[in-house]
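**Student:** Please dock the two separately framed chains into a single complex, following the hints provided.
The listed protein sequences correspond, in order, to chains Z and E.
Per numbering that gives the first Met the number 0, the very first residue in the first sequence carries number 0; after that it's consecutive.
Per numbering that gives the first Met the number 0, the very first residue in the second sequence carries number 0; after that it's consecutive.
Because the hints were derived from the structure by calculation, they are not lab data.
Ideal placement from N, C-alpha and C gives every residue a C-beta, glycine not left out.
Some hints could be false.
[Unchecked claim] If we take Cβ atoms under 7 Å as the criterion, some of the chain E residues that face chain Z in the derived model are:
(1) HIS314
(2) HIS353
(3) ASP354
(4) ALA384
Here is what each chain is made of, one letter per residue.
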Amino acid sequence: MDLKELYRDVILDHNRSPRNFGRLEPADATAVGRNPLCGDKLDVTLRMDGDRLADLRFEGQGCAISVASASLMSEAVKGRRREEIEQLYQQVHALMTGHPGDSDLGKLAALGGVAEFPARVKCASLCWHTLNAALSDTRAPVSTE
Amino acid sequence: MNAIPAMLDPAYDVARVRAEFPILQQSINGRPLVYLDSAASSQRPRAVLRAVEHYETHLHANVHRGVHTLSQWATDAYERARETVRRFINAASTREIIFVRGTTEAINLVTNSWGRGNLTAGDEVLITYLEHHANIVPWQMVCAATGARLRAAPLTAAGEVDLDAFRKLLSPRTRMVAIAHISNALGTVLPVREIVRMAHAQGVPVLVDGAQAIPHAEVDVRALDCDFYAFSGHKVYGPTGIGVLYGRESLLEAMPPWQGGGEMILSVSIESSTYNSLPAKFEAGTPNISGAVGLGAALEFVEGLGRPAIAAHEHGLLALASAGLAALPGVRLVGTAPGKAAVVSFTMDGIHPHDIGTILDSEGIAIRTGHHCAMPVMEYFGLPATARASFGCYSNAQDVERLVQGVRTVREMFG
Chain Z
0 MDLKELYRDV ILDHNRSPRN FGRLEPADAT AVGRNPLCGD KLDVTLRMDG DRLADLRFEG
60 QGCAISVASA SLMSEAVKGR RREEIEQLYQ QVHALMTGHP GDSDLGKLAA LGGVAEFPAR
120 VKCASLCWHT LNAALSDTRA PVSTE
Chain E
0 MNAIPAMLDP AYDVARVRAE FPILQQSING RPLVYLDSAA SSQRPRAVLR AVEHYETHLH
60 ANVHRGVHTL SQWATDAYER ARETVRRFIN AASTREIIFV RGTTEAINLV TNSWGRGNLT
120 AGDEVLITYL EHHANIVPWQ MVCAATGARL RAAPLTAAGE VDLDAFRKLL SPRTRMVAIA
180 HISNALGTVL PVREIVRMAH AQGVPVLVDG AQAIPHAEVD VRALDCDFYA FSGHKVYGPT
240 GIGVLYGRES LLEAMPPWQG GGEMILSVSI ESSTYNSLPA KFEAGTPNIS GAVGLGAALE
300 FVEGLGRPAI AAHEHGLLAL ASAGLAALPG VRLVGTAPGK AAVVSFTMDG IHPHDIGTIL
360 DSEGIAIRTG HHCAMPVMEY FGLPATARAS FGCYSNAQDV ERLVQGVRTV REMFG
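In isolation and in its complexed conformation, chain E is listed as follows (with noise of 0.2 Å):
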């Protein structure tokens, strides 16, 4: 047995987590299975797969509708998760946790709901070079529609948000600031906080597009004080097409319906209709049940691991793996601030990612490989792509021992 790494911290049992996941017990092109592009799409424990497996075979039918009693079944499961999630990111109410299909849909949802009822011509929107093109093409979408401008913070060259450029650009024409709690492309960790002063001192809202934090950073929506939070439900261990969108209760009061449908009315005539209450008023539809069951069972899981055994778990494999690559000749780490969680991005000289990736996969090494959705942050370092390896609860320092001696395969296959 390997000693453990003095960076991770023996008490947490990573072997048991691994057990927890029935993916990761295969062999990918003849070697066991090391994946590390979970700040992709995480993997699924047991405990969803079981809860998704008993809700699709006993509780099922169509929610907030019947007065049968498996439709009981199915809307006390459905709500229950949504009580689950309000307590993960400490929301005040269930009214304030809208189900949708994943943080492209919250962030659409806000763009077209909230941006299209506030935002006029001369209004600015201010993001940073950062973001995932899902926190980008919505606003400008919006923008387009209704003669408002996009503005984004320039950065570091360790990755940060420069915040002075930020102050400087929150003007009085700032109507939203539209920010990511994590980066997905670097991992750098956003100051969610301090962001929400400044905009809030000048009476702006804050979107956080939180699909890379909510695996790895404890969050707190009341302690951040943000206006908006969106996440999805894959990169926390749960299902695809599902994810959440908390929006401060007065904001999502005052706000139109975005899509029509059943579900979000309390009377129809052909004439008009009357909406209904929050969250309803914003889940049109027969909404995906069994992935908020998933989404649940989850967030459960995450909080019986701990998030902050996991952090430090994750940070230890990060500082390992930061380490090992940068001893490496010709690699260099893209990405590099103090403040960094479960990603580490890299170039190698001479080498596109994109060979890096398919060496690594021929090892059973899962990468990610690419401009990770975040093309602004890839120009602004002036790169093409980056091979991208990210962590998740069940990594070990095995895995990242593998990456690292994968790597050194690829420079001796390149010479």
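Just chain Z, same shape as in the assembly (with noise of 0.2 Å):
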């Protein structure tokens, strides 16, 4: 178990730095993701164009895991049809589980090492599907705990 893996540079960096922070307003869509036991919140607001996911904002509070992934996230997924963007998640979540594949998922690679720390895996994916709930405008909270 090493924990520079899990705490990669990217990770405490966007962490640190979380990109797309905030809140549109107004948006198209908002969803909140809420993992009370680790006490993460999260609200993605996002605005379409079309198919296209056209801006995205996340705000709330979680532990450096959840923020640097809903970074990561928001900074890949801008301006990415709705279909890419579930793909994307598909490869991001096999990556968290120790199943990698042979796209380049850039950044997001960063996320390789939660696949040692299967407890953290929800962390990571509370952003997911926070904005899988926005993009099909679920309004009940969503958790991933």
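**Tutor:** Have a look at this one:
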């Protein structure tokens, strides 16, 4: 178990200075993610351009893994179509559960260290589930606990 | 050998105590285990493991049922454990000792049996913002069922119950006061005796959630003069799945059974049943016999060490840990009441407790992170979570040193 694998520099950087942090107003959709056992809270707001995710912001509080994951996700999904986002999540999830594929995930690859810490997969996936809820206009809060 | 810090009593032989706990002898993630999560669940000494094994190997049958020898032996072992519990908390009679699954079930027994029979619309139940969910949710449920209202006394900045506010909330409508003896999230010791006095002055009974107090404090239900006292075996070095509800006999007598079944009856016809007397009235079904035996052994183990000696030792560790952590930049202690027991809750600027927990775990240090099943108190302090280190009779100065060093490592890692 190597902590440096989990808390890579990219993760620490995105935790310290999360990208796309805040709220879009007005927004086309909003979703709420809550992992109450951890104390993670995440709100995602987004704007669509047809089938394309034009812009998004997230805000809230959480552990370094959940904040960095949300920040990395926000950079990776902006401008993509729904279907691409879904595909990307499948790849990221596979990576985090120890089944990395061949595709180049760019900075998201930094989440690979989570695979060694199964208890932290839920932290890293909260943002993706919350984004998915926003995309499908689900009103109920989302949790990965 | 390290010098023993001045805060610790050199007469307390913690090395010998530790040697009684096999689980503490192992390494976790390549480092000797530092177990600082006793407030969530304590570990078991050999005496408990042996008592349970002896019972299962030689004595087990169902209790209070058979004429055969084993059944008698099992009954004797089970009832001996009840007598040990009675002595441990100084109850007047074993009729006042109900074996349950744990603190949670004990409180649910009271809310369902006493609560449904005694609460009506307009009545109030008074708790505090310090409570564990186990002393909030069952009351919410019975309030919803009866139309009663749940009120909570606020806290001071140090994490103590604001007694003036408590006094004001104690109204002619109050039918029950339910409070923790010691807060699991902050370690605050509540002035139970004083609260009981205030409540009794108005004829209001008091339930005490003793889950955290039972391993740390001298618990004397007659001196406290409380009406119910609930605790769990696994917090006091006993097995999981066994706990106790103490209830004043006159109250228990007047309460209807909660669960029905075998054991709790004298006679049954298809039309109706006659209920058994105390304590059997509240113990429907085959109980956790080996758990009770293990709990009895655990309480005897604690008596052997001496509760004042354990409390003094833990108090020394608490002072050591509080001073060590508070001296680190960016570390904030949450809950700084003068009267505290065996728990140090803290946060670090810019670092989520979950990350603290993961990094400490990689060093073999087990602490609890999160809301500690006490979300209202977290909310009260505006915190989503804290990191919490808690001590037991086996904790030592090295544990505290490793904790403080570990927290330094966390800071280095996050810059």
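**Student:** Which of the stated hints cannot be reconciled with the structure, identified by number in ascending sequence?
**Tutor:** Those not satisfied come down to hint 1.
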